Structure formats: structure tokens, C-alpha cells
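Spelled out, the chains give:
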Amino acid sequence: MRGGSRNSSFSPKRLLAIAAFLLAASVARSSFAQLPSTRPSTPRPPARWLPAVPATRTATPMVAQIPAQIIDDREGEPDGFVVRKGDPGLTDLLGAIDEATRDAKWEKAFAAISKVLEAPTDAMVRRPDGFYVSSRVHTQQMLVALPPAGRDAYRLFNDATARKALEQIDSPDAGDPSTSRIARLQDLFDRYFITSVGDQIADRLGDAKFESGDFVGSARCWGAIGADYPDTSLAASRVLAKRAIALSRAGRWDELQAVKTQLREKYGGEPMRMGGRDVMIGSLLDGSAASPIASAPVTKRAGDVGTPLNLLPKQGTGPSWQMVFLYSDVEDQIRRLTFANSRVSAYNPNSIIPAAVTTPDRIYLNWLGIGIAIDASTGKLVWRSENFSRIATRIQQTVLSGYDSGESSIAISPRGDKLLLVNGAVGPRTVTLQAAGVVMRAAVNGRIVQQPQVVRISARPGSGTISCMGITDGRLLWSSEGDTVPELSSLSILGQPLIVDDVGYVIATSLGLGYQSTDLSLVAVSLSDGKIRWKMSLGALGMGGNVRGLITAPKPLLTRVGDRLYILTGNGALLAVDLPGQRIEWVFTHETFPMLASRVPGMYRGSEPELFGASMRLSGSMLYFKEKGSNILYALDTSGPSLKWKRPVDRDASVASADSSLIYLLGDELTAIDLMTREMRWSARTPLGSRQFQPFVEGSRAYVFGSKGIYGVDLQGGTMETFTSDEANGGAVMRLGDRLICISSRSVTAYPIPPAASERP
Amino acid sequence: MRKTILLMMLVLAASVAQADEVAAAARGSGISVVGVATTQVKPSVIEISATLSAEGELANDARVKERDARQRIVDALAVKSPDVSVEFRGLTINPIYDPGALAMQRQQQLMMQNGVVVQMQQNQMDTPRRIGVTEQVRLVMKDADKLDTPKLVEAVLRLIDTARESGLQVGQLSLSSANIYSSTPTTPPAPLIVCKAANTSEVRAQAYKAAIDDARKKAQKLADLSGVKIGKVIGIQEMDPAGTPSLTAPPVAAGQDGGLSSILLGELSVNVKLGVQFEIVN
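Chains as they are written, first to last, in my numbering: chain X, 1 to 761; chain B, 762 to 1043.
Hints in this document: simulated from the structure, not taken from any laboratory. One thing to keep in mind: the hints can contain errors.
[As the list claims (entries may be wrong)] When the alpha-carbon atoms are kept at most 27 Å apart in a straight line, the in silico BS3-like pairs for lysine-lysine are as follows:
hint: 1; chain 1: B; residue 1: K841; chain 2: B; residue 2: K957
hint: 2; chain 1: B; residue 1: K990; chain 2: B; residue 2: K978
hint: 3; chain 1: B; residue 1: K841; chain 2: X; residue 2: K314
hint: 4; chain 1: B; residue 1: K957; chain 2: B; residue 2: K982
hint: 5; chain 1: B; residue 1: K907; chain 2: B; residue 2: K841
hint: 6; chain 1: X; residue 1: K708; chain 2: B; residue 2: K970
Since the structure is predicted, the reported quantities are computational estimates derived from the model, not experimental observations.
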């Protein structure tokens, strides 16, 4: 007995640590268990060091930050992304508002509205058209739809508060940064739009959004005044003119035409003060270059933009310079490795194209985690973060092992001083995790103290890491692969990062015990130190198995307009996130590429073809997107939001560009689809090698670096010219000054642009 | 009555026997030989068979792709091979099957039959999804007889490269259009290259003359050995290469090609084999 008590494995401290482990495991498992049962279940073997814990184990953490509930009510919904419905109580409140409004019980209705708007998180409400909108947006729409008696009652209750809040925002002391101002105005707009100062709130919010570049958002604010605020004290002509300007900036030509007609007919002869001088409203509508309202939409075609210059080098032109990063001996080594591992997950290891960004004087590459800087004028190597020969090991341990697809991402800070590199980790990495928020109570000197319990786990190779490098010399500033930023290290970073000012936005999943979590988050990372500024949960991510049976996560895409961030998860959802408010505005779920049933033992799995990644293009308020491997192209009007149309397209295609009348898709053909009729107009044959790039569009032409050289395709009619280059596998092409830069899996080559086309259009 | 019939049969048998004797006597009165001749002729037309295929998720997409691919071929040949004409010989439209998905479905069914629980997905891939349009194309190179053989070979190979660059599938079966699981036998692909002579009547005339001369020489030799002299030709029969009388040889109109073609790139041969009978003059 004494011997037993001396045994360290049974000491109280040890027992508490084991208990923490078990709690962490049970919490992690419970979060898995909350996933809908209709989704394909993945066999998750326990981590090597973790004792097997029964799934039914009931352990209540003392302090546990359990993720919001995921409700399994996905009947009839497409496979893939699981929308986080949020607090079911909020859904009940929305029902109560509806009921109280019907019964004209205003006090009860407003109390419930207040609760919804003040709730720390939003619930997602499913609309009949398949969109999920936040409870906040839904409530605002309910307020607008109140009958006159309800409006009057709401003003009676809230006018004073609204007026005071607006005065505070307008006061000279409120020197908020623009994002904070937008967030506060948005909050006022949601709550008090139907009060007597609602039109002024909407007008100020429109101004703020316009200044931040969110033209669709600003047009929506001014549109709300015209549509839902009939007794406004603001000059209707001014509101309408502002809306017209915003619509023209947003490229929403149909709506603009209607607004222009309204302006011309009602207020054409009236003056309006603009830019410190009086102008006639009619003169704003003449389509002149001086007018802030753009002219006819037909001029806004990709095929018509700029002068029709052809950047394609003349046949036989030699390169200005070439910088080879894949040496022949390493190339042979990779070829031998590939031969030994014939079944690879997706991308051909022999043709991995580095992700690239440029500055006027340099080209920066992310080659599976190896950072490279090249002088744009001479092609000389400026710096590299690692020896190039290590690429063979990286390819072997990640791509050939099936842990990673081989896609890398790179982004440059607006100041041009930092680079963010995202790619799969080469080897397993040790990660420190707080045990799902469990707090230990340990006896120290007879006192009970609280201390956070952490566990260290081993994350498998291929988990997404993010590194920040100094642009001057490639010095590593911070990386989630190390211990310097433990909070960030506990995440697997997915897809392309987006940098706004000094914040990097990334999509990430938590690294769980043994496997990645399916919980998907938007993470705002400080560029200066890699610390997480904030993190918000987006939902749960369905993951599929690759050809080797390993779980792989899709690569989400991010696009920002003003303060709204669009996230294409790559697995069945498009989300609109309000960045200042840190909340989901709406979610559109859609069909996703079926996950192949690698989970069933013995199931046939052919080798996976190399396909273009997910793609998303914003043209005005229209967002066109297509997931990797999906055969459906979606067109969403983000102002509604509403699904305008969807159309079958080739699986292996990427949205290359879009204008007001055509959308261009790139696969083995570059095709143009009419946005009105949705019929294919033309196709040009563009045989490709690698698919790890996006085409480059300038003026009236698209440039594609394919297997036969660089193709220059005229976007008006689809005629194509080919410049034969030395590289056979294609890659990315971009313009830097008077040169076309071609990035292949082996080298970066610069070709001179013909002198006549060197001037930027 | 019975006696009359027997008598008539007897008379008929006697007349047949007499006719055979007359024929044998006639054969014996001449020398029959086979004259052979071969004349070379340059092909004047080279035809290259190819396939143009396009596919799309929508049938109309496939049509647009095929239309534009067809125009690309016409444009490319107009620039690089202006003497070559293109003949489009009709479309076939087929559903496209994904062999991987089909194999997976088959395996899934097999597993279910064997009692294995297979999880079905909501958005299971349907097959077939795509539509393929395939068009048979013939590239026709005229005036090939104006080139010597090495130049001709070079021109034909360059034309094949041009055709392939512009998107034609030359000399290979389009897998996308093939119904790989069809139990019906597929027609064998057309030969890649067919060389044709446009007008063979003159060459054939030369060949016939040479064959007659050859026959005359042979007959003369036989006559010399036999101590007789040959007279005029009393019978000619054209024979096929096996040596049997050609009963189905179509009549060749003057100035028309007699169907002379070859899948071999080079000079064409006109082979003539004639059975000639010469009279024996005492």
C-alpha cells in the first residue's frame, strides 16, 4: 500500500492531469459527436498516446467553452458544410416577435427584438430560398415590415435613445477609426432604422461604407431610405444621386439605369451641392468623364477595357532572364520519388507551381514553404528561406504521402513589408493546446488555485501552417510551426490568407487530438506578432478522404468588399461576414463535389485528376463562384442576397474573369458564357499542364501559360495566339512593367512585352 | 411414249459429247499464256482521316465547342496548308461516361450484394453527365503527284502536326466518344492515310499494253519450243492477282479513277494480269 502511494503515477497531481486529459478527450469527442449523423462518418483512430475513451463517457468539464450547438436538421440540404445555427433560444424569440406582432402586442414584441439585437451571438435563420440569414438581419427586416401602428409604437419607445446615440456618433469627440464607426452605425441601423432619425442613420452609414469602398453596402443604405422610409427629411434627389454614384461604382448597371431614369424625370432640372459647388442633377446623368455617375454599361466589358494591346511576345523572342529554382539533380530525384509512389493525391509532384506575388521590383514565391525573392529587373535571387534541394523532402513527406495537395499560398502586406506564406507542414509538429477550456483545481500549500491545463499533442504532417517573413531579407518574423505563437500554432490554416492593413485574415480548423477538428473559424491575426486578435466560428466543415484515405480539408477562398468578407469554404457554402461586427450576415449552402467513399474499406479509388481549385469573382454586386471539382457555376446577387442562376459547367474549370455581359471560364478551353442567356458564346482551346494558377487578364485579352506556351486569347471573339516558350508544363503568368513573368514548376522566366504594348493601358 | 423420251435423251447426250470434242479441238489450236505487267503511278490525292470531338455538361456547350474547334481547324489549315481542303463528314452525339464513377458504382453494388453496408451520399454523382459531339473529318491534299516522294512524306507529316495542333485527333480513337461498355462491336477505325490516284486510265492502258507484250513474248517462246508459229490473238481474259478469271471487275470508264488507292505513302502500282490465247499458224 505504501509502495502504491509512493508510485508517482498515482499521485494526486498525476491523477488530476489524467482527469484533464480524459475531459479534453471527451469534449473533443462530444464536439465530433454533435456532427449530423447523415454526414459520412470518418473512422478516427485514437491518437497513439491517448488511452481509448468510450464515446459515451459522461464527464462535465468544470469550465468548458463548448462550441455553439450544431443542430442536425439538415434534411434536404446538400452534403458538406454544416451551418452553425446558434442559440436555439434566439430562434424561439424570433417566433415570439412574429406572434406578438400579429397580435399587436408591441411591448412584448419590442422586448423580444431587443433581446435578439443584444444577444452576444447570432442565430442563423433559414429562408425558403435556401439562404441562412442572421437573426439580427432577420429582425431588422421584421422591423421594417411592421405595420404603421407598430412603427409608431416603436418610435415612441426608441426615438429618444436613437437620437442620443446618433448625437454621440456625430460628436467631435467620437474620433473612431472608420471600421468602428461603421460597426456602430450598423448597430444603430439594425436597431433604429424605423425611428425618426433612421434616415439620418442610414445616410451616415451609407457615407461611411462608401468611403470604405463598400459601394454595394452604401447603395443598399440609400436604397433603404427610398424604399422603406417614406417620411424622410433628407432631400430625396440627393439620396437618389448618392445611390446612383454608388451603383455605378459597384457596376450594378440595371439598377443604375432605373435610378438614373428616376433622377432625370423627377429632379433633372434641380441643383445639388456636390464637392463644394452646385451642379445640376441632369448634368450628372450625361455620362461625361467628369460625372461621378458612370455612363452606359455596354462600355464596361472586359473585351472593351483599355486599348486592345497584345502583351504576347513576338514569336522567337528570347527571355530577358530566367531564374531556375528546380535544379536538374533535384528534378531527377523528385521524378524517381514520383515513380515509386504512383498514387498521388491530386497535384502532379513533378509540376508544382509556386504561389507568387509581385512588387514593382521583386517577385516573391512560396514553394511549398520555401520563400524565394527574385529581382524583377535582373532575375537574380535576392534571398531564399531554405536551400532549394529541400523541396524533394517536402514533396515526399507531404504531397507523395497524401497529407497535402501541394497547394501553397502567399500574400503581401499593403505596406509591402511583410509576406504571409501558408502551406502544409512538412512533418509532424508538436502543438500546445488548452484542454478545451478545462481549468484545473490543484491543491498547493493547502489552497485551491485555478490554473489552465494544457496538453501537448502531435499534429500530423500537412496541417496548414502560416509564416510571416520580412520582405527585405526573408527573415522569419513568426510562424505557427513554432512555439512562439502557441494560440495560432494550435490551428490548421487553410487556403489563401487575406491581408487588410496590419491584420491577416485566415480560415482555420482547430487541431484536435489526433485529427483536425471539423470546426471552421475565421481568424484575424496581427501581422506584427502573429497573435490572434479575434476568432469567430463559422460552422463545421465536411472533409473528404483523398486517394490515400487521408482526411483532407478544402482550401477556402476569401474576397473582401468594404467591411464585408465573402468566404467560399470549398465544401458547400458561401458566407458573408461583417468584419467590424465579427458576425455572419448570411450563408448560402449549395451542392458540393461528392466526397469519394474512400472510407469504405475496399472501395475502388482511381487516382485523382488534377483540377483547378475553387474560384470566385466579384463583378459589381454579382458574385460568381465554382468549387473545386464541382460542375455547377453559381451567380449570386450579394445585395439581396439571392441566387440569380446556376449552370452546369465543366468540372475542371476555374472562373477566370467576368464583366457585365460575359463570364470567362478556364479549363482545357477558355470559354465565354453570356450572363443574360447563360449560353456559351465561344470557346478557345487552351491545353494546360498544371492547374495551380489563375489566368492573367489585361485589357481585351487573357493570358494563359499552358502546355504549348503562352496563349493570348482575345476575349471578344475567342481567337487565340500562342507564343511558344521553352517550358512544357505551363504555370502562372503575370505582368511586371514591360515584361511578362512566367512561373513554371522549374523556373521563373521574364519575356519582353512588344514595345507597342509596353505602355500600360 | 417412254421410248420417245429415251430416244430424245440419247440424241441430247450425243450432241453434248460432240460439243466437248469441238471445244477441245479449239483449245488445241492455240497457245494460252498469262501476261503480267506492273506500272507505277504517283498518288495525286492524299486523304487523312481524323476525328474532331468536343464535350460539355450541356449539349449546347458541346456544340459551341465543336463549332469553334471546327473553325480553328479551317483557319489553321488556311494559314499553314492552304492547298488542303477539309471535309466534315457528319456528327455523332453520345453521352459521356465517367469510367471511374461507373467502376465505383459497380463495386458499390457488388459490396451491397455481399452484405457490406455502404454509405450513400446525398449528392451522388449521376452518370452519364456529359454530352460528347464527335465529327469525322477528312483532310484532302491535292496535287500530291507534283511532289517527289520525300517531299510528299514531309508535307503529309507536317499536315498531321498542323491538324493535331489545331485540335484534331489524328489516327486515334476518341475515348470520350467510345461507349466502352457497349457489347455491340465497334467499327474498325478508318485508315489514317489513303493515297489515291485521280486518273488511272492512261496508266492502266500502259499496263495492258505491257501485259499483252509480256504474253506475246511468252507465247512466242512456247511456239519456238514447239516448232509452231503463233498467229493472231483469239482470246483475252483479265484475271485477278490470284490468277482466276475476274468476273466481277467493274468496267472502268475512260478518264475515271478505277478506285486505285493504297494506305502506303508512296507510288501506287497498277497490276495487270491477262490470260491471252494466240492462234497456232501451220
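Okay, the hints, checked on the actual structure:
no. : hint            : result
1   : B:K841 x B:K957 : holds, 23 Å
2   : B:K990 x B:K978 : holds, 12 Å
3   : B:K841 x X:K314 : holds, 18 Å
4   : B:K957 x B:K982 : violated, 38 Å
5   : B:K907 x B:K841 : holds, 19 Å
6   : X:K708 x B:K970 : violated, 55 Å
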